[in-house]
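**Q** Sequence:
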Amino acid sequence: MKILFCFMGTLNPSCGGVERTMCNLIHELQAHGHECAIVSWYRNTPYEPFSGIQKILPTPSSRIREERQAAFRQALEERQPDIIIHDGELLGAGALFPGPAGRKRLLEAFSGKTPAIVDMHHSDIRGRLRAPFLKRMYYNVTWRRNFYLRISQADAFVVLSESFKQDFYDFLPGVRKEKITAIPNMNSFENGSIPSGKAREVLFVGRLDNPVKGVDRLLKIWSMVCRREPGWFLRIVGDGPDREYLAALAEECGCTNYSFEGATDHPEEYYRKAGILCMTSTFEGFGMVLIEGMQHGCIPMAFESFTAVRDIIEPDRTGILVPPFDLEQYAARLLDLMRDGGKREAMSAACFRSSGKFGKSRIAGLWENLLSKLAEKPR
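For the sequence shown, the numbering used here assigns the number 42 to the initial residue and increments by one for each residue that follows.
There's no promise every hint is true.
What the hints assert, rightly or not - List time: in silico DSBU-like cross-link candidates among lysine-lysine, alpha-carbon distance up to 30 Å:
| # | residue 1 | residue 2 |
| --- | --- | --- |
| 1 | Lys414 | Lys398 |
| 2 | Lys314 | Lys43 |
| 3 | Lys43 | Lys398 |
| 4 | Lys314 | Lys220 |
| 5 | Lys218 | Lys239 |
| 6 | Lys418 | Lys314 |
| 7 | Lys206 | Lys418 |
| 8 | Lys384 | Lys239 |
| 9 | Lys239 | Lys154 |
| 10 | Lys154 | Lys314 |
| 11 | Lys384 | Lys220 |
| 12 | Lys384 | Lys314 |
| 13 | Lys218 | Lys398 |
| 14 | Lys418 | Lys145 |
| 15 | Lys398 | Lys206 |
| 16 | Lys401 | Lys206 |
To be verified - Computed beta-carbon distance windows for the label pairs:
| # | residue 1 | residue 2 | range |
| --- | --- | --- | --- |
| 17 | Val253 | Arg351 | 18 to 28 Å |
| 18 | Glu409 | Asn232 | 47 to 57 Å |
| 19 | Ala390 | Ser193 | 45 to 55 Å |
| 20 | Glu409 | Val182 | 20 to 30 Å |
| 21 | Glu345 | Glu310 | 44 to 54 Å |
| 22 | Asn232 | Pro356 | 19 to 29 Å |
| 23 | Arg146 | Arg186 | 15 to 25 Å |
| 24 | Arg351 | Thr297 | 25 to 35 Å |
| 25 | Pro236 | Asn410 | 32 to 42 Å |
| 26 | Gly281 | Gly135 | 16 to 26 Å |
FYI, nobody ran anything at the bench for these hints, they're computed from the structure.
Don't be surprised by glycine CBs; every beta carbon is placed ideally from N, CA and C.
From just these sequences and the hints, can you work out the full model?
**A** See the structure below:
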């Protein structure tokens, strides 16, 4: 099949889980014989994992919606894809082709059989609905309208967890349930392993953005344990708008044995070395860093603040879950794990084995099943 991806973000998988997910999926579908291309509005130098993927990059001046619409229609006319996969920026309220007539305007470039449209949603809808009251009211109104539009205009709406499906059923009464399907993210790395001689290191990997990632919580937790286990070290890998604030907070909290490593294109080097991976997010879609760490025997810890986390972590076997946002309990569980080498060894092996359920061939098979059904469906 000819598959055209429409992604409005930058083509840089080091920027976050969504970018890596898109990259992994495209490469795997190409390996299965599909002809893939990607449209993006950012003409940055493509990061290494996007090599081998045809990129359609409109000129930087294409900032006006009509110009972007024309550029995208041109891409459709040239490619004539069988499937369009987008990340929610193509159809819906405020998207490239907004409103109830968006799908019709999008497909004006086709005279014959029109392509199937797959909308990928990467986050946990409950996370936004835990925002402060005024923001929550805003999300309730605008998100409901937007999701009704997106699902009505898509042939399939893909979420990352079976639990997310019920969330959408509850949030959108009367929605066409048969359109919503769950396909989790696949492993980022081809082959993981458990290196011998794991270091006494606790690792954070992610964007330094407190409202979502809650890195300030991690520093407060670390301040409770760092002096009690001075042989351990915390590495914070990533960058973002709150870096300076977090550096000041670490000093204010009296943290010791830590470093801000900055962003990296190769987080696997840190996963291989660290024994424990800490996530302290307010909400996540899927938490890609958890399974990335598990691929290297890095034991994940997280707050149970998003429903998909139980798809990844089996509590006390393949990782540790803590009620949100109990910092003292998190610190106590972390300290217990730091002090128990036998438990770490057993959990490291268990989480490595568990990461196989997100293997590329298995997840690609779920996508193949969906695409085959859409190809057979009359439109």
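**Q** Confirm or reject each hint.
**A** Outcome of the hint check:
no., hint, result
1, Lys414 / Lys398, "23 Å, holds"
2, Lys314 / Lys43, "40 Å, violated"
3, Lys43 / Lys398, "28 Å, holds"
4, Lys314 / Lys220, "42 Å, violated"
5, Lys218 / Lys239, "46 Å, violated"
6, Lys418 / Lys314, "48 Å, violated"
7, Lys206 / Lys418, "22 Å, holds"
8, Lys384 / Lys239, "13 Å, holds"
9, Lys239 / Lys154, "55 Å, violated"
10, Lys154 / Lys314, "52 Å, violated"
11, Lys384 / Lys220, "43 Å, violated"
12, Lys384 / Lys314, "17 Å, holds"
13, Lys218 / Lys398, "25 Å, holds"
14, Lys418 / Lys145, "18 Å, holds"
15, Lys398 / Lys206, "20 Å, holds"
16, Lys401 / Lys206, "22 Å, holds"
17, Val253 / Arg351: 18 to 28 Å, "20 Å, holds"
18, Glu409 / Asn232: 47 to 57 Å, "22 Å, violated"
19, Ala390 / Ser193: 45 to 55 Å, "46 Å, holds"
20, Glu409 / Val182: 20 to 30 Å, "38 Å, violated"
21, Glu345 / Glu310: 44 to 54 Å, "29 Å, violated"
22, Asn232 / Pro356: 19 to 29 Å, "27 Å, holds"
23, Arg146 / Arg186: 15 to 25 Å, "18 Å, holds"
24, Arg351 / Thr297: 25 to 35 Å, "34 Å, holds"
25, Pro236 / Asn410: 32 to 42 Å, "35 Å, holds"
26, Gly281 / Gly135: 16 to 26 Å, "24 Å, holds"
Hint violations for this structure: numbers 2, 4, 5, 6, 9, 10, 11, 18, 20 and 21, all remaining hints satisfied.
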